[in-house]
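Got chain A; can you put chain B on it based on the hints?
Taken in sequence, the protein lines are chains A and B.
Its first residue numbered 1, the first sequence is counted upward by one per residue in the UniProt record's numbering.
Its first residue numbered 1, the second sequence is counted upward by one per residue in the UniProt record's numbering.
Treat the hints as calculated values from the structure; they're not laboratory data.
The beta-carbon is built from N, C-alpha and C at its ideal position, and this holds for glycine as well.
Treat each hint with caution, since some may be false.
Said to hold, decoys possible - What follows is a set of in silico ranges between Cβ atoms, one per label pair, in the way DEER data are often shown:
#1 W11/B - S177/A: 47 to 57 Å
#2 S177/A - N140/B: 30 to 40 Å
#3 S100/A - L25/B: 45 to 55 Å
#4 D157/A - K187/B: 52 to 62 Å
#5 I194/B - A200/A: 52 to 62 Å
#6 R250/A - L51/B: 19 to 29 Å
#7 L51/B - A200/A: 27 to 37 Å
#8 T21/B - F306/A: 55 to 65 Å
#9 S177/A - A63/B: 34 to 44 Å
#10 L25/B - G234/A: 19 to 29 Å
#11 A9/B - S167/A: 24 to 34 Å
#12 T21/B - D235/A: 53 to 63 Å
#13 V139/A - N140/B: 27 to 37 Å
#14 L156/A - T180/B: 51 to 61 Å
What the hints assert, rightly or not - Derived lysine to any residue pairs resembling SDA-like cross-links, with alpha carbons at most 25 Å apart:
#15 K305/A - R6/B
#16 K107/B - L97/A
#17 K107/B - A169/B
#18 K201/A - A24/B
#19 K107/B - F360/A
#20 K107/B - V115/A
#21 K305/A - G14/B
#22 K201/A - P92/A
#23 K107/B - T117/B
#24 K12/B - A24/B
#25 K201/A - D298/A
#26 K305/A - L186/A
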Amino acid sequence: MAPTHSGGGSRFREASSLGRFPVRCDRPPERRKPGIARTTTDAGSTPRGEGERAVILNTIQSRVRTSPAYRAIADQVRYRRQDVSGTVPKIPALPYLYISPFFVLFAVFLLFPTVYTLYLSFFNYLGASNEVLLTVDFVVFQLTIPQIANLQFVGLDHYTRLLFQDSLFHQALFNTSFIFLVQVPLMVVLGLATALVLDAKFIRAKSVFRTLIALPVATGLVAYSTIFLLLFNGDVGVINYALETIGLGRVPWLSDAWWARITLVIAVTWRWLGYNMIILLAGLQTVPEQLYEAAEVDGASRWQKFRFVTLPQLRPVLLFVVVSSTIGTFQIFAEPYVITGGGPSNATITIVQYIYNQAFLQLNLGYASAVSVALVILVSIMSIIQIRYGGAE
Amino acid sequence: MRRETRNDALWKFGSYIFLLTITALVLIPIYWMLVAATIPQSEFFSWPPRLLPGLHYLQNFQALQESVDFIRSIGNSLIIAVSYTALSLVLCSMAGFAFAKYEFRFKEPLFYAILATLVLPIQLLIIPLFLLITQIGWTNSYLAVILPWAANPLGIFLMRQNMKAIPDALLESARMDGATEFQLYYKIALPTMIPSLSALAIILFLNQWQAFLYPLIVLQEEKMFTIPIALAQLVGQQRVNFDQVMVATSLAIIPIFLMFIFLQQYFIKGILSGSVKQ
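One chain only, chain B, in its complex shape:
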């Protein structure tokens, strides 16, 4: 191999500089969010500038909670995201299992109908959904946000792909041992699918946790607001209290950061299946 030249050393140095610059640019907004959340707004521009977080987080939080019931919004987001994830996982894994492991009539056309809707953007759906939800009288209910997106085409696609990996022999031997057909699904297919289910669960949870456009349309009462809507409401006011907003933003973001750091492999799997994107 070649010997290390001065050119190579320079290249290495440049690479590190580039990487550090990008990392710094990525981190500065996050860091500033933390600083701004922990100091009163009046101190944003004191001289010398505040570069370290302060101790004002709790006071800012109290002020936030007085202007909008943000804890309630967190609760709403949790209820919606968790029940949506659970429901969608059941639906997708059941249907995915049928598509992966059974032969039945109209299997192919039905599956392609699902595939075709994978590319449909949300804008194509929201107007009729709004009419539909209004018509049923579900506006300002959890159900209105949970149910319409529970039939997730991407979820069923991923489940089918992964469940194809379950050997037929395994199912057959279980059958011979007297397992019922339903046991094949929940005693054999589901346990072997836990890694894929976890990755899908993260995708579904995040999509719902961060969803904005659709909830904005069907949730109009303040007590039903999810986190993104509450945030948008906060910054939509005449005079924005950024110290309070940053507390709210940090509450929305930091739990997900921790999830990301500890469950990174599932996030990455989700990203690589082209799906974290909303």
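Excised from the complex, chain A in its bound form:
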């Protein structure tokens, strides 16, 4: 994963002159000092799913292996030897002071909700409650924690219901899986093809193409969905208008179950193609040039170079793209909400949309929590399977 770029001051020119992809242009040179220390320790110590993200982070960071980095490390070693470490604060409580605002919010708005969703999934929600759950007596003030909701314990009922009885949930699961099965392969193949073409030496105006293709990245989910609602609209949709004009006839995009699903697939692919292309392009640029040269010397064809050099080298990045797209498609909400409204007759309702309906339209908060937990478990399993199979050589 050694950087093939010339480092140093040329990076800024590269960024501005529509040249190579400016992944490496985020920090001015004088600040790129000792990034090396984090590469091995962090990648090794993060959890498995994070490993893939760390790979990409590392590809960005690996470029700092230049002489200033080593000098900084040497500095560190020297200071350690003199026993004047910079990492020990004069005031021992200081680090806690720095992290405490973060952790207060973190505990209240992230850890607590996570645990509470799990808890809630075993209960029926009966309504709000103002009773006091417990009181903690800090000497200076009393912290009263109210009981958030009136709950009725139902055990595993919610889970058996969603597994065996709830046909609408099964429908949502089917719809989401369909979008996933069609959309992710389509997008990965298209994204890879686009990245490969953009990475080819002979293409001119690369950064213009790259910027244009990546533009959808800057559109909000609801905002772009409204455009697709207009494009595929049955009455005033310009796509049907165009199809009719060239003699192909109208397509019931939003009123037919299968076409509605396909509409969502098209919309999501449009939104995320450029995003994945950028990641794959960054991955392609870490493939050492020498490997291609060696393959060329051996007389490899274009396909062989792709199959035996590019693909194996790109494997971690591809895996990252597949896993994150999988997680993304299973969380689709804004698109069906805006474009199809979940219809026609629930043909495009997605899991998250179902959670939203259950929780906030019908106030079945307990059951919705159980669906959320099920979704997280499902997505985790899928990611683990993908990493298992995709990660093994």
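What follows is chain B alone, placed relative to chain A:
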């Protein structure tokens, strides 16, 4: 090296065709948004078809503003996104600095607790958050949208990664020159982190600017709507005036397009840290 063959020329040609096709497919919806925003809806299908933008943007905007106070929504989105970004940057950089540059007890377990929540999807949080916000009485307030996501695990992760690059020697020499501990943070760490802070700021701003599911739950009054909720409300009506909706959509998208074109390197850094995705 090999000589250029006919095969190669064909390959080049095919590559350009492919690239141009993809680019066109990407641009057509955006272009049609611009056209639709600048002509009255009645002219969408006049013959010959309107392919060029018209001059009806302001009229469409006025009609939009009459049906929903969209300027107010833009204001709401700006207030929420800017204050959220500022708050989150302070929190993440401070905590990130402590994790990168200090040794203290429970440092590792605390950091791994943060890392573990990086993978948690938003759906796992919204139901209790809704109950919590209702309980505190914060529904329909800016605070309800800003505060819960200010403690951003990804932000602290990126800050810590980048702040590790500050040499201890630099901090130590500052100490010897009489800098207080807090000055180490805001006079030394923060200025050297401006590029990383900018990238993180863009990520945070965009995530909040485009956030939909959570604001939809806690903001129910029309005067508190952010842009995405106002948009969803507009297209959720019985009869949708697409000319007005496209004006609203263009107002939501075009500033971000400009940001994207001029600050592309930060966007790309954000994408590569796996984070622009909501």
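Cross-check of the supplied hints:
no.	hint	verdict
1	W11/B - S177/A: 47 to 57 Å	violated (37 Å)
2	S177/A - N140/B: 30 to 40 Å	holds (36 Å)
3	S100/A - L25/B: 45 to 55 Å	holds (50 Å)
4	D157/A - K187/B: 52 to 62 Å	holds (58 Å)
5	I194/B - A200/A: 52 to 62 Å	violated (35 Å)
6	R250/A - L51/B: 19 to 29 Å	holds (20 Å)
7	L51/B - A200/A: 27 to 37 Å	holds (32 Å)
8	T21/B - F306/A: 55 to 65 Å	violated (20 Å)
9	S177/A - A63/B: 34 to 44 Å	holds (41 Å)
10	L25/B - G234/A: 19 to 29 Å	holds (21 Å)
11	A9/B - S167/A: 24 to 34 Å	violated (57 Å)
12	T21/B - D235/A: 53 to 63 Å	violated (28 Å)
13	V139/A - N140/B: 27 to 37 Å	holds (36 Å)
14	L156/A - T180/B: 51 to 61 Å	holds (56 Å)
15	K305/A - R6/B	holds (19 Å)
16	K107/B - L97/A	holds (13 Å)
17	K107/B - A169/B	holds (21 Å)
18	K201/A - A24/B	holds (22 Å)
19	K107/B - F360/A	violated (39 Å)
20	K107/B - V115/A	holds (22 Å)
21	K305/A - G14/B	holds (18 Å)
22	K201/A - P92/A	violated (55 Å)
23	K107/B - T117/B	holds (16 Å)
24	K12/B - A24/B	holds (18 Å)
25	K201/A - D298/A	holds (20 Å)
26	K305/A - L186/A	holds (22 Å)
The earlier numbered hints that this structure contradicts are 1, 5, 8, 11, 12, 19, 22.
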